[in-house]
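Please arrange chain B on chain A, whose structure you already have, making use of the hints.
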Amino acid sequence: MAVAVQARLEVNRLWVERTAGRGPAVLQGISLAVQPGQMLGVVGEAGAGKSVLGFAILGLLPPGLCVARGSIKLHGEDLLSKSDKALRAIRGRDLALILSGGRTALNPMETAGTQIKNVIRSHLDVDTATTDRMAIDILNAVGIPDPARRAHSYPHELSGGMAQRILIAQAMVLSPSVLIADEPTSDLDVTVAAQVLDQMKGLIEGKEPSTIMLTRDLGIVAKYCDGAAVLRQGVLVEYASVASFFAHASHPYSLALLASAKQARGDEPVPSFDEVSRERHSYGRTFKDFAAMRDMLTDPDYMQINDAHIVRRF
Amino acid sequence: MAEVLRVADLVKKFPVAGTRLVLTAVNGVSFTLDEGETLGVVGESGSGKTTLGRCILRLVEPTSGTIGFLGRDVLSLRSSEMRRLRSEMQIIYQNPWEAFNPIMTVYQLIEEPLKLHTRLTRKESASEVLRLAELVGLPGEVLKGKPRGLPAGLQQRAAIARAVATKPRLLIADEATSSLDLSGRLQIIEVLQHLQREFKIAYIFISHDLTSVLRISHRVAIMYLGQILELGPTDAIFSGSQQPYSRALLSSVFRPDPWASERRVRLRAEIPSPIDLLSGCPLASRCPLVEEECHTIPPPRTAIGGADGWWAACHPMALLPRETWERRLADAAT
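Sequence order for the protein chains is A and B.
The opening residue of the first sequence carries number 3 in this note's numbering; numbering runs sequentially from there.
The opening residue of the second sequence carries number 3 in this note's numbering; numbering runs sequentially from there.
If we strip away everything but chain A, and leave its shape as in the complex, we get (with noise of 0.2 angstroms):
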């Protein structure tokens, strides 16, 4: 048999509880796998475990809940082991966060550029000329006009799309190999948050984070993602690469937020499979993380679709 190809970011049967023992396991055995240059879309309703499951990679779950089972790996390593120090260095260098709510996530007090270059500064030793001019290019990057003079306003001086872009920058300045991304334009109009979208995908393109995307929106994972991953109430109850999803979905779970999305559209129905073998998915990009998905099939909660795709029993 063939080595597996080590994905850069490794979930594995991860179980996340409430510290006082009540009420179920916040997340019940997720695994999921992303390469480079990958982005996964993480699926569901309000309460699924979204948020959770981004917190518990980036090891800030909040009090009250933590990690009983499971591992977390990044590059091969097992960050679940790792010292809070040892953390605060891989966080925000080599695993970042995007956050959803614009001006409200950044500090008040401090201007767009001081906010990036606080991120360069706290884990590059580099001069000042340098850390302006990474803070500049990158703002250049994610698409801010005149960016050397943006850098000198405050938060409250930005528009919602603005703010979106420097939370974006912030994340993407040290190049991260694992980029979260939490709801990133939920709270921007829809031509803005097509904008940033386009404009963090490029990014995506240019510097090869694996990513996951943690939406609620079918449409964003079908025009930007590459795998999809459906959680609902902290089980995962469906994984396949997009374009597999987007044509033989079967969890109920799945079918029904795909109806709603559809209905609530009037939309034309799904492609049929030839259709979808002829046209390849639109950013050409094919699904690489199969490892994660072996592993999960052998519980014998889950079943194979086909080698891209599987689904829990139901």
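These are calculated hints, taken from the structure and not from any lab test.
On a predicted model such as this, the values are computed, not experimentally measured, just so you know.
A few of these clues could be false.
Derived, one-sided and incomplete: chain A residues facing chain B with beta-carbon distance under 10 angstroms [to be verified]: (1) Ser161; (2) Gly163; (3) Thr193; (4) Val194; (5) Ala196; (6) Asp219; (7) Gly221; (8) Phe247; (9) Phe248; (10) Ala249.
Each pair of labels, with its calculated beta carbon distance range [unchecked claim]: (11) A:Asn142 x B:Thr34: 43 to 51 angstroms; (12) B:Ile105 x A:Asp139: 49 to 57 angstroms; (13) B:Glu295 x A:Tyr156: 33 to 41 angstroms.
Think of the CB as a built atom: it goes at the ideal place given N, C-alpha and C, for glycine as much as any other residue.
Here is chain B on its own, set in the frame of chain A:
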């Protein structure tokens, strides 16, 4: 069908505190609405759609323009007359929790408008509350409890029951589905549609959520910086909008389909400030098809063939034959 509402040249300007500047939230809006009809009002934040709704109910006083409701001139009414009229024009909000008195039970919340606006006996109003709860799909056991802690969908049902208790002829729904998950949105829309069939209520459905608007509206108005830039039947707008802003807005929504066409009309930058608006087309600074006159002259409202009551405001569109313009729009999408 009988006309319920006629809004003409409605303007609302707010002074900007501490300055002599003026913020124009609604800038010359006109439309009519029939019995049993839903007008969807779509726009991004800052487009003035919420202020428009509040002006129609006179929750804020319009600066100028006229509002005719069932043949009455709303803006000339005294406040006591206005209060009586409000039983016939109601509003529901994005977050029902903020509109509820938290110490009242759900039952009391639904009963309150009946006490204020009808002369029902206690017994009659009790059976009316139960009937309303059933109409909106509120299970009986939640009536005894307080609204706090109820799922958002049930809270919104309670808000709807309360709003329709006085048998209004007009209901304004301001982002009424926006705080709900997709499945919850569809359920609330079904409740609203059911009530509309039953009582012929006219709705103004204000939302930035295009999927909800598409589902519930008979006609759609696209708002930008206080103006309606396009208005027409829902199908016409969603399948072939003619105004560049409408195109940009509608093509920015990603379909749950990885094989969908990706072409999009892209606008430059973001929505400008509504303070000290320039005189031309509000879209001029962002439009990919902008012409010279767009910067100086307000765009004329131009009827579009192919559907009843369909119009858009756009200079180049008004000047070009439909086919040429369609090609321009298609070429602008990348």
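The hints, checked one at a time:
The closest approach between the C-beta of Ser161 of chain A and any C-beta of chain B is roughly 5 angstroms, which is under the 10 angstroms cut-off, so the hint is satisfied. Interface hint at Gly163 of chain A: satisfied, since its Cβ lies 5 angstroms from the closest Cβ of chain B, which is below the 10 angstroms cut-off. With 10 angstroms as the threshold, the beta carbon of Thr193 of chain A comes within range of chain B, its nearest partner Cβ sitting at about 5 angstroms, so the hint holds. The closest approach between the C-beta of Val194 of chain A and any C-beta of chain B is roughly 6 angstroms, which is under the 10 angstroms cut-off, so the hint is satisfied.
This hint holds: Ala196 of chain A has a C-beta 4 angstroms from the nearest C-beta of chain B, less than the 10 angstroms allowed. Because the smallest distance between the Cβ of Asp219 of chain A and any Cβ of chain B comes to about 7 angstroms, under 10 angstroms, the interface hint for this residue holds. Because the closest C-beta pair between Gly221 of chain A and chain B is about 3 angstroms apart, less than 10 angstroms, the hint holds. Given the 10 angstroms rule on beta carbons, the hint for Phe247 of chain A holds: about 9 angstroms separates it from the nearest Cβ of chain B.
Hint on Phe248 of chain A holds. Least Cβ distance to chain B is approximately 5 angstroms, under the 10 angstroms limit. The interface hint given for Ala249 of chain A is met, as the beta carbon of that residue sits about 9 angstroms from the closest beta carbon of chain B, less than 10 angstroms. Checking the proposed 43 to 51 angstroms range against Asn142 of chain A and Thr34 of chain B shows it holds: the Cβ atoms sit about 49 angstroms from each other. The hinted range of 49 to 57 angstroms is satisfied by Ile105 of chain B and Asp139 of chain A, whose Cβ atoms lie roughly 56 angstroms apart.
Range check, Glu295 of chain B to Tyr156 of chain A: about 38 angstroms between beta-carbon atoms, so the 33 to 41 angstroms window is met.
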